[in-house]
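Asker: Sequence:
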Amino acid sequence: MKPINPVIIAGGGPVAVVLGLALWKQDIPVIILEKEKEPLMDQRAASNHPPTVEMLVSLGLEEILEEGLKAPTYRIWDRETRETIAEFDLADLKNELPYPFVLQYEQYKTVRKILELYGNQSGYDMRFLHEVLSLKQYSDHIDITVSMPDGSIELMRAAYLIACDGAGSTVRKEAAINYSGFTYDENFIKIGTYFDFGSISGVQYRNFWLGPDEWCNLFKVNGEAPDPPIWRGVFPMKIGESQKQAKSPQGVQTRLQRFFPKTGDYQIAYSNVYTVHQRVAETMRKGRVLLAGDSAHSNNPIGGMGLNGGIHDAINLSEKLGKVIRGEADDTLLSLYSRQRHKAATDFIQCQTIANKKMMEDKDPFSRQARFEKLRRISDDKKLSRAYLRRAQLIDSLNAAAETV
-13 MKPINPVIIA
-3 GGGPVAVVLG
7 LALWKQDIPV
17 IILEKEKEPL
27 MDQRAASNHP
37 PTVEMLVSLG
47 LEEILEEGLK
57 APTYRIWDRE
67 TRETIAEFDL
77 ADLKNELPYP
87 FVLQYEQYKT
97 VRKILELYGN
107 QSGYDMRFLH
117 EVLSLKQYSD
127 HIDITVSMPD
137 GSIELMRAAY
147 LIACDGAGST
157 VRKEAAINYS
167 GFTYDENFIK
177 IGTYFDFGSI
187 SGVQYRNFWL
197 GPDEWCNLFK
207 VNGEAPDPPI
217 WRGVFPMKIG
227 ESQKQAKSPQ
237 GVQTRLQRFF
247 PKTGDYQIAY
257 SNVYTVHQRV
267 AETMRKGRVL
277 LAGDSAHSNN
287 PIGGMGLNGG
297 IHDAINLSEK
307 LGKVIRGEAD
317 DTLLSLYSRQ
327 RHKAATDFIQ
337 CQTIANKKMM
347 EDKDPFSRQA
357 RFEKLRRISD
367 DKKLSRAYLR
377 RAQLIDSLNA
387 AAETV
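Read in the working numbering, the sequence shown has 117 at position 131, and its numbers run on one by one without any break.
Worth flagging that the hints you see were computed from the coordinates, not collected in a lab. Zero decoy hints are in this set.
Distance ranges between label pairs, derived from CB positions:
no., residue 1, residue 2, range
1, Ser44, Leu319, 16 to 22 Å
2, Glu268, Lys233, 33 to 39 Å
3, Lys233, Ala386, 37 to 43 Å
4, Lys233, Pro(-11), 43 to 49 Å
5, Asp251, Lys368, 39 to 45 Å
6, Asp129, Arg68, 57 to 63 Å
Glycine residues also receive a C-beta, built at the ideal position from the N, C-alpha and C atoms.
Could you put together the complete structure from these sequences and hints?
Answerer: Right, dumping it as structure tokens:
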């Protein structure tokens, strides 16, 4: 008879490995199944909000504080005039936060760091080239059909299966959980360049350039030594613009030169095009299946809320699942996880990221000026600024989730 593993996690990204670590720290063995042959060095999220930094450090990842870039401030710009609209400083929350900064630390580095520190520990079992294909739920376990590295198919058994396998989650689909929302008509392109935008007066590690014709999010990350740091620019593509054209050398140079004209070509580290969704699963728990991260909710990247929300899912779920597995609570506690994190996803992450995109791309000159004046008023008032930062950094989201019963 197949053994029943306490927890199997589908997917090997940052939410999965953090969740696995948080459970392992409670002496709960975990198996993480990742379909790729090795951790992906994907250039995706990198902005870790203060509550997320606190969570990661609590798991023994203090090293990331020295390896990442600390960004206490961020600036909002008018791309048309190149003037500053507002600047926000997380030092305004220093009495509330142990880490009053955003840590610019690429998500693939979080995965790599956890596997370096814990990947060889007994009970923390990361298996590559293992893909979940299907599942069947029973009263006391789940049977999981898994594709193995040699191409064979095997049955695995778990008390709980957690979907951390992305927006296209096989587990979510197999559990017949609806994933409602919409997909934007335009794609986004992310361009990494070695050009030092920090040499430009006023540019911070994190910048939002509002523009009616084309907006840009501009952030700095350390990249990989011995290469110099990388500045990432995220831009909207025109509707109908082909990925081939956008990613071509000419397309990339044209976009960057339009953003900041300079002599000579930009030295490019990478460029990626991706489809952008705003979706939330109807529930984050169905029987013994639980969802976390992108399998539970996806959103545009403006404001860096997807990765942070996913890590918050992982910590919330690990605390509740640990109690259930130890017999300290019945499994209705897992339904509370679903309610709490569903509220965070819908009332905060979705609302805020949709509003962020509307702010970035607003084309109406009167509306734009009204937004600018509001941002200036908020940034100039400490009380308003602190309230703004609490929402932007998902502090309000965590508090509201905790109050949900």
